[in-house]
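> Residue numbers (our numbering): 32 to 157.
Hints are supplied without guarantee of correctness; some may be wrong.
Pairs of lysine to aspartate or glutamate, EDC-like flavour, derived with a Cα cap of 20 Å [stated by the list, open to error]: (1) K93 x E135; (2) K104 x E89; (3) K93 x E77; (4) K122 x E146; (5) K131 x E155; (6) K88 x E100; (7) K104 x E135; (8) K72 x E89; (9) K131 x E142; (10) K117 x E155; (11) K72 x E84; (12) K104 x E82; (13) K60 x E70; (14) K131 x E100; (15) K104 x E70.
If you are wondering where the hints come from, they were derived from the structure by calculation, not from laboratory data.
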Amino acid sequence: MAHKLRKKPYRKFMRHVMKMMKKRIQEMKKRRTKQAEDEAKQLARENEAREKESRKKEARDKEAAKGDEFSIKRCISVINTMEVTKQEKTKAYAIFTKSKENRETFICASEQDQESALIWIRNEMA
Numbered sequence: 032m033a034h035k036l037r038k039k040p041y042r043k044f045m046r047h048v049m050k051m052m053k054k055r056i057q058e059m060k061k062r063r064t065k066q067a068e069d070e071a072k073q074l075a076r077e078n079e080a081r082e083k084e085s086r087k088k089e090a091r092d093k094e095a096a097k098g099d100e101f102s103i104k105r106c107i108s109v110i111n112t113m114e115v116t117k118q119e120k121t122k123a124y125a126i127f128t129k130s131k132e133n134r135e136t137f138i139c140a141s142e143q144d145q146e147s148a149l150i151w152i153r154n155e156m157a
């Protein structure tokens, strides 16, 4: 009988310990789940912000391309595909900055025939 009396408090203690351990494990799981959810929400917000910025940039680029298809930037990229000296390039830049008509003429001519556009720009330089 004495032997049974000793085991009861120990068993009671062990049940209590097991309950506490289960409780702590559940709390840890909750914390991990909450932390993972918070991280996922943060990543989603960051991705959304990146996508929003990307859409804004696309819209700006599209608007710029639509609004000014005869831009200096476009003229420079076209002249860079042609075989011209650096000195000719700098003179061409000056011609592009003079007027929109010069840029329009150059872009339209280069779309049809790059050699003719190059001859035209060299005549403008003279």
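> Against this structure, judge whether each hint is valid.
Hints, one by one, checked against the model:
In summary, the hint linking K93 to E135 is supported, as the alpha carbons are separated by about 19 Å, within the 20 Å threshold. Among the hinted pairs, K104 with E89 is consistent with the structure: their alpha-carbon atoms are about 17 Å apart, no more than 20 Å. Distance check on the hinted pair: K93 and E77 sit about 24 Å apart at the alpha-carbon level, beyond 20 Å; violated. The straight-line distance between the Cα atoms of K122 and E146 is roughly 17 Å, inside the 20 Å bound, and the hint therefore holds.
Among the hinted pairs, K131 with E155 is consistent with the structure: their alpha-carbon atoms are about 14 Å apart, no more than 20 Å. Our distance criterion of 20 Å between C-alpha atoms is met by K88 and E100, whose separation comes to about 17 Å. As the CA atoms of K104 and E135 are separated by approximately 12 Å, the hinted pair is consistent with the 20 Å bound. Of the pairs offered as hints, the one joining K72 and E89 is violated, with about 26 Å between alpha carbons and a cut-off of 20 Å exceeded.
The suggested pairing of K131 with E142 holds, with an alpha-carbon distance near 16 Å, which does not exceed 20 Å. Between K117 and E155, the direct Cα distance comes to roughly 16 Å. Compliance with the 20 Å bound is thereby established for this hinted pair. Between K72 and E84 the CA atoms are separated by roughly 18 Å; this keeps the pair inside 20 Å, and the hint holds. With a CA separation close to 26 Å, the supplied pair K104 and E82 exceeds the 20 Å bound.
Taken as a hint, the K60 and E70 pair is honoured in the structure, with Cα atoms around 15 Å apart against an allowance of 20 Å. Between K131 and E100 the CA atoms are separated by roughly 10 Å; this keeps the pair inside 20 Å, and the hint holds. In summary, the hint linking K104 to E70 is not supported, as the alpha carbons are separated by about 42 Å, beyond the 20 Å threshold.
When the structure is compared with the earlier hints, violations turn up for hints 3, 8, 12, 15 and for no others.
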